[in-house]
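Residue numbers (the numbering used here), protein chains in the order written: chain Y, 1 to 272; chain X, 1 to 269.
Note that these hints are calculated values from the structure, not bench results.
Be aware that a few hints might be false.
[To be verified] EDC-like mimics (lysine to aspartate or glutamate), calculated; alpha carbons at most 16 Å apart, straight line: (1) Lys34(Y) with Glu62(Y); (2) Lys181(Y) with Glu7(X); (3) Lys181(Y) with Asp93(X); (4) Lys181(Y) with Glu99(X); (5) Lys234(X) with Glu180(X); (6) Lys71(X) with Asp170(X).
As the structure is a prediction and not an experimental result, all values here were calculated from the model.
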Amino acid sequence: MNSTRDDQAAARPRRALHSLAVIVAIAVIWEAVKTLFALPSYQLPHLHEIAADFLREGAGGERWLWIMTQNAGYTALESLIGFALGGVTGLVLAMTFAHSRWLERGLLPYVVASQTVPILAIAPMVVVWLGTSWFSKAVIAAYLTFFPVTVNMSRGLRAVDPDALALMRALAASSRQIFFKLRFPAALPYLFTALRISATASVIGAIVGELPVGSRFGMGVVIINAAQYYNWRPANLWAAILVSALIGIGFYQAIAALERRVVSWSRTAPAV
Amino acid sequence: MGSPIIELASVDKTFESRAGATEALRAISLAVDAGEFVSVIGPSGCGKSSLLRIVGDLVEPSAGAVRVKGKSARQARLDRDYGIVFQTPVLYDWRTVLENVRLPLELAGRPRVEREERPPALLRLVGLEEFGGHYPWQLSGGMQQRVSIARALALNPSILLMDEPFGALDEMTRERLNQELLQVCAETAASVLFVTHSIAEAVFLSTRIVVMSPRPGHIDRVVTVDLPHPRVDKTRAHPRFFELVTEVRQSLREDPGLAAGHTRPGESG
């Protein structure tokens with residue numbers, strides 16, 4: 001009956017322990033598979049080889065841990081800007097659609113079509129149009145971000161309990177009041193579900209945007225280079241993949257934490 | 001007093017859908033005087049909810065006239081003359097209990113002092129002063145419905161529209177809330193239009209009971225409840241209470257369409 005917040009606080013150390021147990025289990029399976037199938041390092045390196053790669057010095061004399069950190073920061077920033085850009089675009093589209101069936105019917109096919117074109121085909125064009133700076137990457141990240149927000153949010157804005165609307169009407173609420181005091185807050189759980197999907201998608205968008213020739217920073221560049229030298233130093237690519245995944249996980253967790261704060265009233269807010 | 005507070009004259013309602021037209025109400029004429037508690041009883045599908053929504057200007061009648069306090073229903077709605085309670089509490093999940101009760105005051109742009117002072121007073125009225133900081137899901141169904149009654153009273157409406165407000169509650173909670181509702185109404189002097197499918201509830205609460213039958217919904221008869229006030233637990237044991245319950249039940253039975261006229265709590269009329 002009472003607040004679940006205390007329960008959540010109590011569950012935190014236990015959750016950390018669970019996460020640790022899962023990481024240990026994955027490590028054990030990883031090494032077991034490698035030994036069992038006698039996989040050479042270019043197919044599956046030892047975990048300690050990947051760890052060691054972070055301590056190796058790069059061409060410029062900097063350690064890879066630092067190189068990765070800088071590039072990861074660059075990619076994270078591009079993702080974040082793209083996420084914000086795409087989130088706002090998605091919101092505006094969703095509000096437009098919720099406002100006018102006619103506009104939705106006209107525009108939705110193109111919104112859907114935009115997502116069926118592989119991002120790999122679009123990314124180079126965007127880079128050609130907008131240059132190789134961070135901005136083109138953010139735009140590509142936004143391109144992947146806006147879609148889940150548009151679809152989920154327009155559904156959320158419509159999925160209002162008819163009696164909740166009737167109540168507003170009986171109280172002679174203005175359409176502005178209905179939007180801000182009913183439709184928007186009621187749609188917040190839908191929005192956050194979309195934002196969690198978009199959080200990881202925006203990182204993918206930024207990395208794909210870094211792949212075309214001409215880019216100089218970011219995890220996409222690190223991945224391309226590591227792939228070229230894979231036969232020499234397979235651990236480098238695995239390390240790059242690991243770092244990229246960590247950006248996505250961090251981003252997702254940040255959104256989930258925000259969601260727990262903003263929709264704390266919801267029974268369906270994510271536990272993790 | 002003079003003219004009635006609610007007046008319906010030959011109201012018809014037909015719902016058009018792809019499957020064809022459904023006649024929900026036919027030739028409804030009814031007058032409710034100020035301070036009256038009028039229940040509308042009938043089986044599912046008799047249009048009693050539609051009738052309530054027509055009075056509240058949530059649904060347009062197909063024909064006929066509705067006057068509320070001498071105005072159109074629409075004007076009465078815009079003047080915020082209505083407090084409304086639905087079968088489900090319809091509380092906003094993202095607002096605390098106190099904030100839910102405050103909603104009508106915010107919408108009406110009432111001064112800050114009133115927005116601060118009125119909601120706690122209303123919660124005291126329904127016996128929930130300690131639960132203002134809770135979220136709706138932390139309350140039982142009966143408590144949620146009390147919050148929704150407090151919210152309906154926030155703007156001191158002259159008319160309360162209640163659409164099977166206790167239909168989803170267990171019998172004991174329902175009886176307790178019936179009692180509380182009468183006390184609340186006595187304090188606010190609001191006129192009540194109350195939709196229900198519980199005969200005992202209608203008899204206990206009302207000054208008059210409008211008995212409806214379905215397809216299309218029309219008024220079969222109106223039973224005047226001459227039980228003494230105030231109505232208390234003892235009222236339910238009053239011989240006249242049983243007579244009236246029997247009278248209403250028979251009026252409902254007389255309708256051949258109602259042979260199996262049992263309705264589940266989840267359904268609305």
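For the pair supplied as a hint, Lys181(Y) and Asp93(X), confirm whether the alpha-carbon distance does not exceed 16 Å. holds, 11 Å
Hinted pair Lys234(X) and Glu180(X), Cα distance within 16 Å: holds, 15 Å
So if I understand the rule, the pair passes when the alpha-carbon distance is 16 Å or less; does Lys181(Y) with Glu99(X) pass? Given pair Lys181(Y), Glu99(X) holds - Cα atoms ~11 Å apart, limit 16 Å.
Is it true that the CA of Lys71(X) sits at most 16 Å from the CA of Asp170(X)? violated, 38 Å
Please verify whether Lys34(Y) and Glu62(Y) have alpha carbons no more than 16 Å apart. This hinted pair is violated, its Cα atoms lying about 30 Å apart.
Regarding the pair Lys181(Y) and Glu7(X), is the alpha-carbon distance no greater than 16 Å? violated, 33 Å
Of the numbered hints given earlier, the model fails hints 1, 2 and 6; all others are met.
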